[in-house]
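Residue numbers (the numbering used here), protein chains in the order written: chain E, 1 to 170; chain Z, 1 to 437.
These are computed hints drawn from the structure, not numbers from a lab.
You may find that some hints are simply not true.
Claimed, not checked - Taking lysine-lysine and the DSSO-like style, the derived pairs with C-alpha atoms no more than 27 Å apart in a straight line are:
(1) E:K70 - E:K36
(2) E:K70 - Z:K235
(3) Z:K274 - Z:K299
(4) Z:K99 - Z:K72
(5) E:K36 - E:K21
(6) Z:K235 - E:K36
Here are the chains, one letter per residue:
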Amino acid sequence: MTRIASPHQPLPNLDARMAEKFLYHEARLLDEKNWKEWDALFTQDGTYWMPASADQPDPLNYVSLVYENKLLRAVRIERFDNENAHSLQPMPRSVHLVSNVMIDAYDDQTGACIVSSRFVVFEYRRDEQRIYGGDYVHDLIFDGVSFKISQKRVNLVNCESALDNINIYL
Amino acid sequence: MSHTQTIDIDSLLHKDGVHRRVYTDPDIFDLEMDRLWHRTWIYVGHESQVKNPGDYFATTIGRQPVILVRHKDGAIHVLYNRCAHKGAELVGDTSGCVKAFRCGYHGWRFDTDGTLLTIPLEDGYKNTGFCRGNPDVNVQKVPRYASYRGFVFASLSPQGPDLKTWLGGVASSIDNMVERAPEGELEITGGVLRYVHDSNWKFFVENLNDLMHPMVTHQSSSQTARIVARRLMAKDDQVPWAVEIFSPFSNKYSFFEEMGLHAFAHGHSYSGGKISIHSAYSDIPGYVEALEEAYGTDKTLEIFSENRHNTVFYPSATIKGPIQTMRVVKPLAVDKTLIESWTFRLKGAPEAMTQRSILYCTLINSSANLVGPDDYEVYHRLQQGLQAEGADWVSMHRHMGEETVSADGTIEAEGTNDIVFRNQFKAWKHYMTAEGG
Chain E
1 MTRIASPHQP LPNLDARMAE KFLYHEARLL DEKNWKEWDA LFTQDGTYWM
51 PASADQPDPL NYVSLVYENK LLRAVRIERF DNENAHSLQP MPRSVHLVSN
101 VMIDAYDDQT GACIVSSRFV VFEYRRDEQR IYGGDYVHDL IFDGVSFKIS
151 QKRVNLVNCE SALDNINIYL
Chain Z
1 MSHTQTIDID SLLHKDGVHR RVYTDPDIFD LEMDRLWHRT WIYVGHESQV
51 KNPGDYFATT IGRQPVILVR HKDGAIHVLY NRCAHKGAEL VGDTSGCVKA
101 FRCGYHGWRF DTDGTLLTIP LEDGYKNTGF CRGNPDVNVQ KVPRYASYRG
151 FVFASLSPQG PDLKTWLGGV ASSIDNMVER APEGELEITG GVLRYVHDSN
201 WKFFVENLND LMHPMVTHQS SSQTARIVAR RLMAKDDQVP WAVEIFSPFS
251 NKYSFFEEMG LHAFAHGHSY SGGKISIHSA YSDIPGYVEA LEEAYGTDKT
301 LEIFSENRHN TVFYPSATIK GPIQTMRVVK PLAVDKTLIE SWTFRLKGAP
351 EAMTQRSILY CTLINSSANL VGPDDYEVYH RLQQGLQAEG ADWVSMHRHM
401 GEETVSADGT IEAEGTNDIV FRNQFKAWKH YMTAEGG
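Bound-form chain Z, shown alone:
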């Protein structure tokens, strides 16, 4: 895209601010797709979505259609969703199970690892080289894909760090979520919520660990939930899950400061740790016992000693470990972003744990919930407000320079530091300007 080559990335970033164009300029969005989304590791799906041979899940990486599929030997592959013949998408629906992929156009059949199996009237290709045995006539695998404890990521660039190196310290958020399952395994369950926003993807990704916003943006839902609960509940009633879920959004500033932030290379971060908005949920009978039986008391305490809020695997995915939900980011245009929300079952845990996670997803992540729409509204107003030419720079000043860096490079800060944004834009700049991945 030649018109994007003239964008001077350096001129869009200050150490304490970012130019409004990064959120509003369609040319910058195009460049982000090519250089960030089509290069770095992007979350594709969870292994539990393709349990059996032939199971597939169709999704996108940036702008490109891909298929996560389980081959008959049990291996997982990420293929481009494109017939090797004329280029039609091989599968048109989101998920299913096949013996082989059969293109709906000319009937070419491919194995679930992409290998070409049959061509109708194959003789027509004799002496052309465009036939079985030629690897170019297989459905192509994306350059790199790997799984970390069931979470499958892929990179459309053959270069760059491997998945584990790229995740670095933030992999511990996946570890903690997986360990919360007595059987040490997670499983996607309960369907998906798909919520489209009329705003740039970065507003969503930044907002997850912006701990100066919940008590303002979510005041109306959280405080109302507290007031209504007091009015409707009798003194000895157990606090309903819904009230436990809504209430902490309007905790005091001091609570969110204390939650703290951790930031890592490649733009990753998490908020919370010792405490988070998820740490005061009531116990579900049988759960702690199941964990203690699986891991022993000390390890169980260690697992619960980490209570993280949002973990961001920059730029495409975010999890909430203590309530086992995940949101996947799909940029559609400079001002259009799809967020898909998934729920995990902790294998070996009481079903009530899953039902609480399902309730959380419904109450917080659906298009018709009481919390998300106020975030949506803020992103919408950002997208509109940043059309204004009166001031070009968007602030990332807060508590600048007050973070600490440990020997392994992990950055630590109090919860309301803007370090998460500065750290995301550092990674953004790296991908937007580097030659390779």
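Just chain E, same shape as in the assembly:
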């Protein structure tokens, strides 16, 4: 995979705007609670990872805030509709803002690319609004038409701080 040195560097077969639109689409699916369609954006072994410390080397030997494969995402998504999930009553609402989208690396043979961006998420539940900020690192596979997520890494700017419930996907 080639590191992309400059945002102005032309990439074969890949327009940076396409990656940007994909991230907007992904964020919108989350805000619209369209979790099944969101989950379908991942590759079969794709993972959603929110580390518990900055620069955390891996999710297997260090605790994470969230580390979910297909099975665990399915559990969480199905639990969103479970009437006994007390912490989701009332159900939170969210707004995801994605910005500063850059393609950091790209391999035009395999379509693998690394896209970094910044985010702000507003979560509202029961009279309280919470604001999360940080950066995303999306490991994507580009097939010439669209993308699949092989890993979405959510780096909360305050991931080490004492956090209360985070009930939504950031």
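Chain Z: place on chain E using the hints.
Okay, now just chain Z, sitting in the frame of chain E:
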């Protein structure tokens, strides 16, 4: 605190119930800090967090900032995190390694056992007595600290039972967790999860061995995990660790009754024993073999014959021996509590054992997991519900009087007995009313 002196502790406790004020009244919280948290043994940290001379770990005991530190002679000390000069905290971050502590205000330097080393322009203190050699001008050690098999506790009271006596029978939970390591030693690993709750600390500490709640509170996550696993897994697939971890939370009532409870002096308890929600995890290749090689077959069987769920070292710490995790309780206000979760590596065990413990911590103890938030929500509703004046008393009636007491004072009961709460409040009352520690 004079306004707290008028609280009549006796009037807040019945043998089968507790007054809602103990969870909601800020004056009672203040008194708890002074009389319980600043007197009894409080967990500070694990020796493996300060392996080398100069390593320190800054934490709190109740409201007071302290430093766990390894001195150059290898001894471990617990110091107040306060410069002997003007009182600024000596270290501002959580952990690190120093040759000496240097205060960031006026540059006073102290050795890692607290001894004053240097003062800038020391001449200015001549004839004042406020100088090197005066023990009052060292960083002060907390009155008592001790380690039990690597677990360091401290007491801010010079009086009271020693750590081993205070632990009593519940020390066997630490023994069992340590013995699960083929090399007989534990090591903190994999970072910490810090989860803050908007509720009183006692809700958390009581809930750990409340075996009437998992099948209700955790129904949504546990049952969903079972259903999704059936749908996504092929017949011959090995059950993933995550499903093994989630599933037992929705076991039947009879399972939790059978788990049983043990309660001890000073408010300690554990649930489980012969079985627990951790006893049906799959074998990890090489682990049993490593234990058998270290201890022999009989001792290995004996170690596995104890499978405890939560052990509570009242009021500040709780461990899960069979999955090697620990949660540390830090009350911040009457309605605010920080829970820190740690993971242990069993020295000499396959790395997969640690990775399963790490996964457990992530799945059950993180702020964004699927199990903890439903506990959090219940504690929140308790904190709100107990504002209601319609009924002042919170029940601890269940199976009252049906427990048995053995010759050494250990209390045994079936898993759904409220004895754990009655036993915690007995210790609570002792500390809240006694003159000494």
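(message) Just to be careful, I want the Cα atoms of E:K70 and E:K36 compared with a cutoff of 27 Å; is the pair within it?
(response) holds (11 Å)
(request) Measure nothing beyond the straight line between the CA atoms of Z:K235 and E:K36; if it is 27 Å or shorter, mark the hint as holding. (result) This hinted pair holds, its Cα atoms lying about 24 Å apart.
(request) Would you mind confirming whether the straight-line C-alpha gap from Z:K274 to Z:K299 stays at or under 27 Å? (result) Holds. Z:K274 to Z:K299 sits at ~16 Å (cutoff 27 Å).
(request) Below or equal to 27 Å on CA atoms is what counts here, so check Z:K99 against Z:K72. (result) holds (9 Å)
(request) Given the hint that E:K36 pairs with E:K21, test it: the Cα-Cα distance must not exceed 27 Å. (result) The given pair, whose Cα atoms are some 19 Å apart, holds under the 27 Å limit.
(message) Given the hinted pair E:K70 and Z:K235, is their Cα-Cα distance within 27 Å?
(response) holds (18 Å)
Violated hints: none; the structure is consistent with every hint.
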